[in-house]
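Residue numbers (this note's numbering), protein chains in the order written: chain E, 1 to 105; chain W, 1 to 335.
Please note: incorrect hints may appear among the correct ones.
Below are the BS3-like pairs computed for lysine-lysine, each with C-alpha atoms no more than 27 Å apart in a straight line [what the hints assert, rightly or not]:
hint : chain 1 : residue 1 : chain 2 : residue 2
1    : W       : Lys116    : E       : Lys35
2    : W       : Lys254    : E       : Lys98
3    : W       : Lys249    : E       : Lys78
4    : W       : Lys117    : E       : Lys102
5    : W       : Lys116    : W       : Lys92
6    : E       : Lys78     : W       : Lys254
7    : W       : Lys294    : E       : Lys73
8    : E       : Lys98     : W       : Lys249
9    : E       : Lys98     : W       : Lys116
10   : W       : Lys249    : E       : Lys83
11   : E       : Lys73     : W       : Lys302
12   : W       : Lys117    : E       : Lys35
13   : W       : Lys116    : E       : Lys73
14   : W       : Lys249    : E       : Lys102
15   : W       : Lys294    : E       : Lys35
16   : W       : Lys23     : E       : Lys98
The set of hints was computed from the structure by calculation and includes no laboratory data.
Quantities reported herein were computed from a predicted structural model and do not represent experimental measurements.
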Amino acid sequence: MRFAIAAGLLIVTTAGPACAAEIEVTQHGNQFSAKELTVKVGDSVSFRNDDPHFHNIFSLSDAQSFDLGSYPKGESRKVTFAKEGEVDVECAIHPNMKMTIKVAK
Amino acid sequence: MRALSLLVAALWSLPALAAADVKPLVASDYLRPAQAPAPAGNAATPARVELGRDLFFDPRLSGSGWISCATCHNPALGWSDGLATGMGHGMKHLPRATPTIVNAAFNTLQMWDGRKKSLEDQALGPITTEAEMAQTLPALVAKLDAIPGYRRMFAQAYPGEPVSGDTIAKAIASYERTILSTESPFDRWMRGDAMAVSDAAKRGFDVFRGPGNCETCHSGFNFTDNGFHNIGVKDPDGKPDLGRYQERKVALMKGAFKTPTLRDVALTGPYMHNGCYKTLEEVVDHYERGGVVKDNLSPNMKPIHLTAAERSDLVEFLKSLTGEPMQVSIPQLPQ
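I would like the entire structure built from these sequences, with the hints used as guidance.
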């Protein structure tokens, strides 16, 4: 069980594979709660929408691409990072919302 | 302290809104910054702005020699062209409307689909696009470099740098950063003048922020979230325009376009990315219907149900966002 601590991030749980962490990133005021985040392979990031409108989080990075679809306030969607690399994350609706997740071994 | 006094002044004349997700009104949030931000390496100077203005109004920038930036971004027509869709080289219609460039300096992405990252990045796009100004960059640089008046202006604006695509783009961008909305009746109201707008416009602002759901996307002083939404506009020729999806292959972006500013909106019709609506009343009707094409609608586009009076008030509010047009001097072009 591993606990990661990073400014502005809430650690929710460490469920899942051994040593994998789940880290929460919130969306508020059309911004992510962190601009950069470092996680380990196997960790998950849960993106929670705290804004009164929808967001649509995605990445088209070579390291890992995903499209979480659109979801409203109060909902979360989770991504598990399967391999090393740098993942640029954006909101499709609000492209000023950007963050980078570095996935380390 | 100033922000507080603006808040108090505005609340003094505004009815309270009850909807749960309507943010408290802070009047200063709606006032335009005095200046537009310039990027590192292209700080505004009088020489750069003057050069950019001359380039902006110069039809010699086009391949044909008769289309300038101002042909489509006409200051007499809200810095747009009054057409449903733009008209380019050979008098051929373009697929999308010409957006106003008022306050474009505050946009975080440029163009309807956001494919340009800055004014500098955008400036050469229309010039070198065959369908628009049909010029090539080498020919443009050679043409401008052969005009002594321009050579002097470039040397003054960008000492030590050649006449090039880079300096042409930077100069045009510098001028565009001066094309800003003027003080509108709405601004005077937000500054505390309760008589600056009609009661209908004040009620319309409540509709805008509340049941009209307009502020979800048209937010802040520039009345845009700088975001992309499919709002269900029908493309008249039956060939859907994929919009933002061409830049970001995310399903929700099919048919999504950049939220335009509402500043000077009374001057910038026709409206929507394809200019399908001539009046603000038609625009409000569009939202009342929840859009025309319902496929892949933005989830932020909620159904709205407004009374006829509310729709009328909303239009009055929108008109209050238009100030006196910025005064422009048309230059004598360098020879």
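To see whether the hints hold, each was checked on the structure:
For the given pair, W:Lys116 sits about 22 Å from E:Lys35 by alpha-carbon distance, which is consistent with the 27 Å threshold. A C-alpha spacing of about 20 Å is found between W:Lys254 and E:Lys98, which places the hinted pair at or below 27 Å, so the restraint holds. At roughly 20 Å between alpha-carbon atoms, W:Lys249 and E:Lys78 fall within 27 Å of each other, so this suggested pair holds. Distance hint between W:Lys117 and E:Lys102 is fulfilled; the C-alpha atoms sit about 24 Å from each other, no more than 27 Å.
Between W:Lys116 and W:Lys92 the CA atoms are separated by roughly 23 Å; this keeps the pair inside 27 Å, and the hint holds. Simply put, E:Lys78 and W:Lys254 have alpha-carbon atoms about 24 Å apart, close enough for the 27 Å limit, and the pair holds. For the suggested pair W:Lys294 and E:Lys73, the alpha carbons sit about 23 Å apart, so the restraint of at most 27 Å is met. Our distance criterion of 27 Å between C-alpha atoms is met by E:Lys98 and W:Lys249, whose separation comes to about 16 Å.
Simply put, E:Lys98 and W:Lys116 have alpha-carbon atoms about 17 Å apart, close enough for the 27 Å limit, and the pair holds. About 22 Å separates the Cα atoms of W:Lys249 and E:Lys83, which keeps this hinted pair within 27 Å; it holds. Note on E:Lys73 and W:Lys302: the hinted pairing holds, with a Cα-Cα distance of about 14 Å set against a maximum of 27 Å. Between W:Lys117 and E:Lys35, the direct Cα distance comes to roughly 19 Å. Compliance with the 27 Å bound is thereby established for this hinted pair.
For the hint linking W:Lys116 to E:Lys73, the alpha-carbon distance of about 30 Å lies beyond 27 Å, and the restraint is violated. With a CA separation close to 22 Å, the supplied pair W:Lys249 and E:Lys102 stays within the 27 Å bound. At roughly 35 Å between alpha-carbon atoms, W:Lys294 and E:Lys35 are farther apart than 27 Å, so this suggested pair is violated. A threshold of 27 Å between alpha carbons decides the hint, and for W:Lys23 with E:Lys98 the separation of about 24 Å falls inside it, so the pair holds.
Checked against the numbered hints above, the structure breaks hints 13 and 15 and satisfies the rest.
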